[in-house]
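A.B. asks: Which chain is which? The protein sequence lines are U and G, in order.
Anchor point for the first sequence: position 191 equals 191 in my numbering, and the numbering is continuous, going up by one each time.
Plus 585 on top of the position in the second sequence (first one is 1) and you've got my numbering.
Note that these hints are calculated values from the structure, not bench results.
Hints may be right or wrong, so weigh each one.
Unchecked claim - Straight-line Cα separation of at most 16 Å, EDC-like style, residue types lysine to aspartate or glutamate; simulated pairs:
(1) Lys176/U <-> Glu658/G
(2) Lys205/U <-> Asp737/G
(3) Lys451/U <-> Asp627/G
(4) Lys334/U <-> Asp434/U
(5) Lys203/U <-> Asp737/G
(6) Lys237/U <-> Asp726/G
(7) Lys257/U <-> Asp726/G
(8) Lys176/U <-> Glu619/G
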Amino acid sequence: MRVKLCALVAAAAVLGAGTPVATAQQPTILKVAIVQQIDSMNPFLAVFQSSTEINRLMYDYLTAYAAQDQQVTEGLANRWETSADKLTWTFTVPEGKKWSDGQPITAHDVAFTYTLMMTDEVARTANGSFVANFESVTATDDRTVVIKTKAPQVTMLALDIPIVPRHVWEKIPSIKDHPNDQAPVVGSGPFVLTEHVAGQFIKLKANKDYWRGAPKYDELHFVYFQNSDAAVQALGKGEVDLVNRMAPAQFDSLEGKAGVTRNKAQGRRFTELLINPGAATRTGEPIGDGNPALKDVRVRRAIAQAIDMDALVARVNLGYAEPGGGLVPPVFTKWHWQPGEQEKRRFDPAAANAALDAAGVTRKADGTRLSLRLTGRAGRAYDEQASEYLKRSLGEVGIALDVRLVSDNQLNEATTAATYDLAFSGWSTNVDPDFILSLHTCSQRPGADGKGGTTDAYFCDETYDRLYAQQLSEFDEGKRVELVKQMQARFYDQVPAVVLAYDNALEAYRSDHFARFTTQPAQGGVIMAQHGVWGYYGAEPADARASAAGLSTTALVVGGVVLLGLVVVVFVVVSRRRATIGERE
Amino acid sequence: MVAVLGFFLFRVVPGDPVVSMTRGRPTTAAMQAELRAQFGLDRPLLEQFWTYFTGLLQGDLGMSYTFRRPVAEVILERLGPTLLLVGTGTLIAVLAGLWLGIRAAWRRDTAFDRVTTGVSLTLWAVPTFWLGMLLMMVTGDLFPSRGMRDTDTAPDFFSQALDVGHHLVLPSITLVAVVAAEYMLVMRSSLLEEMHAPYLTTARAKGLRDDLVRRRHAVPNAVLPAITLVFLRFGLVVGGAITTETVFSWPGLGLLFYDALTGPDYFLLQGLLVVTAGAVVVMNLLADLLHGVLDPRVKVA
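Please put together the full structure from these sequences, using the hints given.
C.D. replies: Listed below in structure tokens is the structure:
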């Protein structure tokens, strides 16, 4: 028995000492931690943010968003023009861009990709909404794509669709069954997929023939973490070079850590508090069980007024956010709207109390006016802390909150069935504001069967819808910006939801391995989860990767110590056996 | 039975796979309806069940919504890592747990007994998640914090095996710590029951060495409950290593279960349930068969 145990411990020690030794002549690798699931590497099927982000590195889009200011810039196409009636768009794919297998990229590839999505139901799983309004797509020659739309579409320069090589994909019999992760995966982006092991890692190598120029390092590895605490630790140890989606506390824990640089960036997410304004289906049938008092816009405004958003940002977000206003986060400078001095609702419990009195929601004998449910997600630190905070501040104005923290799926279910009074929600926004604005139009409410809706705020407002339709066909950008701001002002005024905060994106990287990353936008922007490839593409390795050698030396030293300890243990055991030998015989 | 239960059980899980798939992405109602039709979610529940059940009889577990691949393929891919982790963990736990249990019982009320029993009780009560995180922090740079392999290890077999072994240390210690404690306690108590049996006195009277009395007479009679437990646990643990796998991002079935629940990915959940339930049944059978080998009395009955 003893011998067996010793052997086991020895085996463990050998494994412990066997840290792979990194050597200098190996290729330069950027290792990125991803804490989100990967669903598929097939660009027609991948819907998770992490997968689409990796797909973007493999396949260029027709147009791109510049790193500097997120303006539309050259993608596969470098020129575009539109007809007078705005129904026909002509894109030019210039000569000289190549697929990673050396074939030229032509207009036929673009036409093939879009047409496939229009004709094959499976192919439009991920990005179908972009082609929903397309009439036809044709390649008139190798360089020219002509897209005809059914109605004028203002988002034609924001078609976030990976373009795939026709010569490869036309041979694929079934899009649905094609995992697209067996090398070689022919692509057009700065990196080429070489290996994908589900649940473990994804390896890409630099595309030396990339038309913008080769990346400055050799390989890009994404390693999968189920648990973000482990990812942050791995960054501290130097196992990975780049981590994002950190919680404020995790971000703070890396402060002053040698070799680690933190990046507090303006994110494209916001957190909001939904106030059920009397949910109804597309046809106007009421659904759910929201408190009827909330149908009164005065009550909703009073609730918004009773929340001190600055305090919420300072205490719950630990300062890593900006207090909310309009629907478009400030990172999109052009479209972002903040209430002016007159429109702004300041935190004022006394005024909120008076407003509730005026709205006829008076205090009962026990001092409360209303009792509302607040639904949030269990396990999300923000919801847990902010709900306590809201309970106190709404208590001040006589609104009792019954906090219900539930699982992610239950929360989704409550918001899609409108069985909530107040609920936490949040959205990620795109460079073009169309998506986030469209969510709050009447037609995004669910159908009679309660399905097919995409909104969770159940806003339906004539003024808002009219403005939405106008901006959708407004091709003068200045005028469109004006309309978009008016819509946000209307939303703010009618408060179907209070935008509580624009969350910062919290990232950190090993600055001893990689000296510089390109952020988007250049000022205060993100490295990961960009609308582009710039963060990974523009990464510059640090000159000396000294720490790699240091790491393995420590491992060897510790391994040696463990072995030494073992020898001592074995010696003690053996001598004890000797000592008791007489007793046992 | 398992299939029926699984099917209806997971339909009660809140959430709508199509909603969670399209959440946060530009979609239209028409696209959502298309997805529903693709997954067969627009059919009546009984029809969905019939399609699933007939497929299951032919060995078809259906398609995973999330991964867009056959469920059997996805599960098979994750089975290896889980078996490696659970197998190693169980082996070490059995050896360590039984050895400690026997020693502690044989020398009951000594300092050794008190310490091991105390430690075992503590470990048994410790939350796995917390223990895993703690181990990861305490060991610092010694062991990797995630997964089964590094991405930049040389492709030859020896380096790969060494790398996997290196990654295996922390997760299996975490698994062993909890499981071994249980084995130790069971082994200890069942051996204690045997300690006063007259046949041991007979054996000693024959002049047998104390070690031999223990090894040849006491332990074989006391080991049965522990062996049963080992097999039962092994069956359960295949699906139940969820926490350990989550802490260390170990790419096994537990992690897959966790991911599938967030969909909810019905077919994947059902497939996992069938596989894990199957594992429990097989292990029970093995335990029963092994009883006959270990204890001839059982065979007669």
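A.B. asks: Hint compliance check: list the failing hint numbers for this structure, sorted ascending.
C.D. replies: none
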